[in-house]
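Visitor: Chain by chain, the residues:
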Amino acid sequence: MKMLINVPERVVADALRGLAAAHPDLLTVDVERRIVVRRDAPVAGKVALLSGGGSGHEPLHAGFVGPGMLDAACPGEVFTSPVPDQMVRAAAAVDSGEGVLFVVKNYTGDVLNFTMAAELAEDEGVQVSTVVLRDDVAVSEDGESAGRRGTGGTLFVEKIAGAAAEEGAPLVRVASVARRVAESTRSFGVALSACSTPARGAPTFDLPPGELELGIGIHGEPGRERRPMMTSGEIADAAVAAVVEDLRPDSPVLLLVNGMGATPLLELYGFAAEVHRVLAERRVAVARTLVGNYVTSLDMAGCSVTLCQADEELLRLWDAPVRTAALRRGR
Amino acid sequence: MKMLINVPERVVADALRGLAAAHPDLLTVDVERRIVVRRDAPVAGKVALLSGGGSGHEPLHAGFVGPGMLDAACPGEVFTSPVPDQMVRAAAAVDSGEGVLFVVKNYTGDVLNFTMAAELAEDEGVQVSTVVLRDDVAVSEDGESAGRRGTGGTLFVEKIAGAAAEEGAPLVRVASVARRVAESTRSFGVALSACSTPARGAPTFDLPPGELELGIGIHGEPGRERRPMMTSGEIADAAVAAVVEDLRPDSPVLLLVNGMGATPLLELYGFAAEVHRVLAERRVAVARTLVGNYVTSLDMAGCSVTLCQADEELLRLWDAPVRTAALRRGR
Amino acid sequence: MERDRAQDGGAPAGAPRGAAGLDADFVVRWLTAAAAAVDREADRLTELDAAIGDADHGANMRRGFRAVTGTLAEDPPATPGAVLALAGRTLVSTVGGASGPLYGTLLRRTGGELGTEAPRVSSAEFAAALAAGVAAVGALGGSAPGDKTMLDALVPAAEALPESFDAARRAAVAGALATVPLRARRGRASLLGDRSIGHQDPGAASAALLVTALAETAAEAAGSPDD
Amino acid sequence: MERDRAQDGGAPAGAPRGAAGLDADFVVRWLTAAAAAVDREADRLTELDAAIGDADHGANMRRGFRAVTGTLAEDPPATPGAVLALAGRTLVSTVGGASGPLYGTLLRRTGGELGTEAPRVSSAEFAAALAAGVAAVGALGGSAPGDKTMLDALVPAAEALPESFDAARRAAVAGALATVPLRARRGRASLLGDRSIGHQDPGAASAALLVTALAETAAEAAGSPDD
Ligand SMILES: Nc1ncnc2c1ncn2[C@@H]1O[C@H](COP(=O)(O)OP(=O)(O)O)[C@@H](O)[C@H]1O
Ligand SMILES: Nc1ncnc2c1ncn2[C@@H]1O[C@H](COP(=O)(O)OP(=O)(O)O)[C@@H](O)[C@H]1O
Ligand SMILES: [Mg+2]
Ligand SMILES: [Mg+2]
Ligand SMILES: [Mg+2]
Ligand SMILES: [Mg+2]
Numbered sequence: 001m002k003m004l005i006n007v008p009e010r011v012v013a014d015a016l017r018g019l020a021a022a023h024p025d026l027l028t029v030d031v032e033r034r035i036v037v038r039r040d041a042p043v044a045g046k047v048a049l050l051s052g053g054g055s056g057h058e059p060l061h062a063g064f065v066g067p068g069m070l071d072a073a074c075p076g077e078v079f080t081s082p083v084p085d086q087m088v089r090a091a092a093a094v095d096s097g098e099g100v101l102f103v104v105k106n107y108t109g110d111v112l113n114f115t116m117a118a119e120l121a122e123d124e125g126v127q128v129s130t131v132v133l134r135d136d137v138a139v140s141e142d143g144e145s146a147g148r149r150g151t152g153g154t155l156f157v158e159k160i161a162g163a164a165a166e167e168g169a170p171l172v173r174v175a176s177v178a179r180r181v182a183e184s185t186r187s188f189g190v191a192l193s194a195c196s197t198p199a200r201g202a203p204t205f206d207l208p209p210g211e212l213e214l215g216i217g218i219h220g221e222p223g224r225e226r227r228p229m230m231t232s233g234e235i236a237d238a239a240v241a242a243v244v245e246d247l248r249p250d251s252p253v254l255l256l257v258n259g260m261g262a263t264p265l266l267e268l269y270g271f272a273a274e275v276h277r278v279l280a281e282r283r284v285a286v287a288r289t290l291v292g293n294y295v296t297s298l299d300m301a302g303c304s305v306t307l308c309q310a311d312e313e314l315l316r317l318w319d320a321p322v323r324t325a326a327l328r329r330g331r
Numbered sequence: 001m002k003m004l005i006n007v008p009e010r011v012v013a014d015a016l017r018g019l020a021a022a023h024p025d026l027l028t029v030d031v032e033r034r035i036v037v038r039r040d041a042p043v044a045g046k047v048a049l050l051s052g053g054g055s056g057h058e059p060l061h062a063g064f065v066g067p068g069m070l071d072a073a074c075p076g077e078v079f080t081s082p083v084p085d086q087m088v089r090a091a092a093a094v095d096s097g098e099g100v101l102f103v104v105k106n107y108t109g110d111v112l113n114f115t116m117a118a119e120l121a122e123d124e125g126v127q128v129s130t131v132v133l134r135d136d137v138a139v140s141e142d143g144e145s146a147g148r149r150g151t152g153g154t155l156f157v158e159k160i161a162g163a164a165a166e167e168g169a170p171l172v173r174v175a176s177v178a179r180r181v182a183e184s185t186r187s188f189g190v191a192l193s194a195c196s197t198p199a200r201g202a203p204t205f206d207l208p209p210g211e212l213e214l215g216i217g218i219h220g221e222p223g224r225e226r227r228p229m230m231t232s233g234e235i236a237d238a239a240v241a242a243v244v245e246d247l248r249p250d251s252p253v254l255l256l257v258n259g260m261g262a263t264p265l266l267e268l269y270g271f272a273a274e275v276h277r278v279l280a281e282r283r284v285a286v287a288r289t290l291v292g293n294y295v296t297s298l299d300m301a302g303c304s305v306t307l308c309q310a311d312e313e314l315l316r317l318w319d320a321p322v323r324t325a326a327l328r329r330g331r
Numbered sequence: 001m002e003r004d005r006a007q008d009g010g011a012p013a014g015a016p017r018g019a020a021g022l023d024a025d026f027v028v029r030w031l032t033a034a035a036a037a038v039d040r041e042a043d044r045l046t047e048l049d050a051a052i053g054d055a056d057h058g059a060n061m062r063r064g065f066r067a068v069t070g071t072l073a074e075d076p077p078a079t080p081g082a083v084l085a086l087a088g089r090t091l092v093s094t095v096g097g098a099s100g101p102l103y104g105t106l107l108r109r110t111g112g113e114l115g116t117e118a119p120r121v122s123s124a125e126f127a128a129a130l131a132a133g134v135a136a137v138g139a140l141g142g143s144a145p146g147d148k149t150m151l152d153a154l155v156p157a158a159e160a161l162p163e164s165f166d167a168a169r170r171a172a173v174a175g176a177l178a179t180v181p182l183r184a185r186r187g188r189a190s191l192l193g194d195r196s197i198g199h200q201d202p203g204a205a206s207a208a209l210l211v212t213a214l215a216e217t218a219a220e221a222a223g224s225p226d227d
Numbered sequence: 001m002e003r004d005r006a007q008d009g010g011a012p013a014g015a016p017r018g019a020a021g022l023d024a025d026f027v028v029r030w031l032t033a034a035a036a037a038v039d040r041e042a043d044r045l046t047e048l049d050a051a052i053g054d055a056d057h058g059a060n061m062r063r064g065f066r067a068v069t070g071t072l073a074e075d076p077p078a079t080p081g082a083v084l085a086l087a088g089r090t091l092v093s094t095v096g097g098a099s100g101p102l103y104g105t106l107l108r109r110t111g112g113e114l115g116t117e118a119p120r121v122s123s124a125e126f127a128a129a130l131a132a133g134v135a136a137v138g139a140l141g142g143s144a145p146g147d148k149t150m151l152d153a154l155v156p157a158a159e160a161l162p163e164s165f166d167a168a169r170r171a172a173v174a175g176a177l178a179t180v181p182l183r184a185r186r187g188r189a190s191l192l193g194d195r196s197i198g199h200q201d202p203g204a205a206s207a208a209l210l211v212t213a214l215a216e217t218a219a220e221a222a223g224s225p226d227d
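Protein chains in written order, with this note's numbering: chain A, 1 to 331; chain B, 1 to 331; chain C, 1 to 227; chain D, 1 to 227.
Quick caveat, the hints were computed from the structure, so don't treat them as lab data.
Check each hint, because a few of them may be wrong.
As the list claims (entries may be wrong) - Cβ-Cβ distance ranges computed for the label pairs, FRET-style:
1) B/Arg227 / C/Leu177: 37 to 45 angstroms
2) C/Leu177 / A/Thr231: 39 to 47 angstroms
3) D/Ala36 / A/Ala92: 35 to 43 angstroms
To be verified - In silico lysine to any residue, SDA-like type, Cα no more than 25 angstroms apart, as pairs:
4) B/Lys2 / B/Arg277
5) A/Lys2 / A/Ala320
6) A/Lys2 / A/Thr231
7) B/Lys2 / A/Asp25
8) A/Lys2 / B/Arg39
9) A/Lys2 / B/Phe205
What the hints assert, rightly or not - To give an idea of the interface, some chain D residues facing chain A are shown, with a C-beta separation under 10 angstroms as derived from the structure:
10) Ser93
11) Pro101
12) Arg120
All residues carry an ideal CB built from backbone N, CA and C; glycine is no exception.
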């Protein structure tokens, strides 16, 4: 698999250099230590939001650093959780004294590394609260596995809790908003092709021409079920059914129609139309729709659907201004 | 090639339905007639900007419809110019009486269809001015071909001329700003893989594993030269050399590091770092950088570099507020 | 290359016998046959376009000619000139790309030359009108034979048409094949420079299909004078 | 399966003879051998992880163990406990993923049990410390043998270590292979459900490498008492 890279070992560092070059108004990047920090951090009187995870999901998380969203992001190697040192250092850099919320996707690696980091940061006097995303309904919560993955829902938590922090809410409140979003959010993903990590240079799994994977995560792993190729409408039927039957929303939802990286926007918008059709059939009202490649798996072709049941407050916070590399409004 | 579609014949209509569903606050979409119009058009006293071209380059152009940029977009079939009927109808819908600027990429099909449309629209009493983008330096202007293609530079023209129109500049002025941008802008593209059109369902050309194409356009066509695979740094050397040696900028530039559709943002930011390195080596100052998939070729892997030499006025207009599906700031 | 001799003055051989020239029905049958040929050959046209263009010529032509047959079936005009003008407008409104305006102009101008009034035109009038249509394509596209475009089939066809419909067919087919070694100077293929050499131009190939359909329609009409 | 008999009480057979137990140098040589094994087998580990994980285990382990050998080469601590603690901290700081905190905890806790003071520890003390380290891994990961993780190699190895280093090696290798038919209940592979069955767990495979390196280091030390 050809890639636009120098050498596999340097992809993350190279991307961080590019991020620094492209967004000097927005970000400070410590390429060596792999920390991306909001330019004006620490912001006095504001709770800080910190997230991170393996690289390869861009724009998540570094693309969401900025006013109204994250204060810091800690990118790990491709598909590999960052190490505690990054989070500890970043927490120290963004903490204004009001404390830091860790936004963590539920993967063993992320949870273990963030847990260690929280302990170390608290040893250094930083107040830490953690929210763990488990939005992927493809995984069952029967205790027979590491549990539901954090996927597209992360964007909703980072945006909405970020807005609450920007408004000046204290840590307990920001954390409770974050948890409320996390609990109100569900996702389901589909792969049409596997992705290739730079280190491996070949697709992470074989997906024959006529087949797709239902219930994938965002790490190039195979899904729960392989099926003969489906139309956009059939995929929307399956994905929305999985999400809605788990979430059972009774108020309008925020909808993220997310591309996995290599699916053209032309196809993604067509898929968004089918998702809207299915939601209408199921009498689920859509308050807001976001379409794009936001929580990706390198060059995987495919998509995911995330719904967040939003009350008035969450909706207001979703609509609040934000200024980041990948999501911007009102600033 | 697997695609997230229903049937190839319906991809454009499906995408337009999705666009309408996702952006009701921003756009009015006539799916049947393939016209995307800014929600509040016609805007009294404002010159309107209208663009269009084949589909498959999303978010170009429909993703750039909204305050501060385009008033209307006319998407054709995939990689096929729209027909004059679309432009004529859209022009009528967005003209406030101040006239309409057609932003046209230099392809025989686009030029012919927009020319016909301009004649027909003027017959209907709409004042039309046209700017033709010819920013791709990979094509020589020796008269032995259809001439330089319009590619990434289109984004700069639409944004900057759109800002001038939003400020209330009259048609002659908006057109002259647009031409100034067009003349100050150059691009160069590279493909790591071919793309697949829905109609054909297979890559538009064969690109063996160890090779890339230099000097591609945005229609899945092969480029001017095939080379053994290069590193990100080498590609930046070649692309920037081609652009800078043609443009010879003597003031700071706007830089677009554009993905062709399937190149992960992780790679694209790494490439942006290399582009910045080469520009620094060549003593070209960068005023602003935009990194992302903006002018694409479906699922092609690759990138393009666009530079626009910007004076104070163009820079101010570039920074002006804009509110569209794909580019947003200050609103 | 062997060519049929023209049999009576400027009128193409193989033209409908008995009847005084070509009527609206003849043109409708031609365009219907052309649409069928385009439909059948769409994949080949797209493959040709994939090699030196953007892989849509077959789809473009199919979409346009389906619209033409649809429109003509709904409400066929009464004169050959009006049929051609309507078909040309339909192509302009449905094809897009380079070929839409160019083929649209070909038919509109040919129809315009014939006028909307005459219910029948002579083969000679038809040949002259088509030559004017082809010239209009060159003017719109800024192109000439040798540029590796549809004109490489259309211009020889128009030149041979006064001789016979079948001569026009053979000239178009030969002209299309002769684009293979050319370097494109117009249209998308021209952006490839020397890499356009060695492939047949898709627009020339589709032009050969249209002229072939014309010759076959004429031959059928000639074979069934009472039709 | 045939097992070596423990030769003297709780001390593993094959432990360094002559010298009173294991010193810092022994641990450094073990970790250096482990790093070499990981380097050599990184692609295999990544392939195993590609099948049921995310194709990074080899790269993760290589990155971590290269850092460990680098750190130890620069400034090697004087006691076996301190070497292990430093190596564990280094793994935590450089590996990431699930394996970083887990292997980091394994070494840190093992080192912590030995304390930073003692310049030499007996084989029995070492075995007990390693057992505590392995237990800490289970506590951190919320996992147990049978869950198809590194514990399926580490737990049997720790249980066999009091018998002999080589028994630990054989137990680890056997434990790793025995993960093939298991359904993963922890870590990334568990997200695949039944599809995790039929593949060897990459962390169990890397654990077998580490224990093998330990046994080999012990065998070498036993073979060269004056080293
Ligand atoms: N300037 C021109 N003059 C004449 N014919 C042209 C010109 N440009 C393109 N063509 C014809 O159009 C054909 C391509 O049509 P098509 O693929 O439908 O449009 P597009 O190139 O816009 O995709 C070419 O093969 C060529 O024959
Ligand atoms: N909860 C756990 N307890 C023990 N070992 C685990 C646990 N989760 C994962 N592992 C081990 O970690 C290995 C994966 O390591 P690695 O691939 O480096 O990290 P990641 O899974 O984050 O990509 C698994 O093969 C397994 O042996
Ligand atoms: Mg990993
Ligand atoms: Mg085309
Ligand atoms: Mg074409
Ligand atoms: Mg892994």
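Visitor: Broken hints, numbered, in rising order?
Guide: Result: hints 1, 4, 5, 6, 7, 8 and 12 break, sorted rising.
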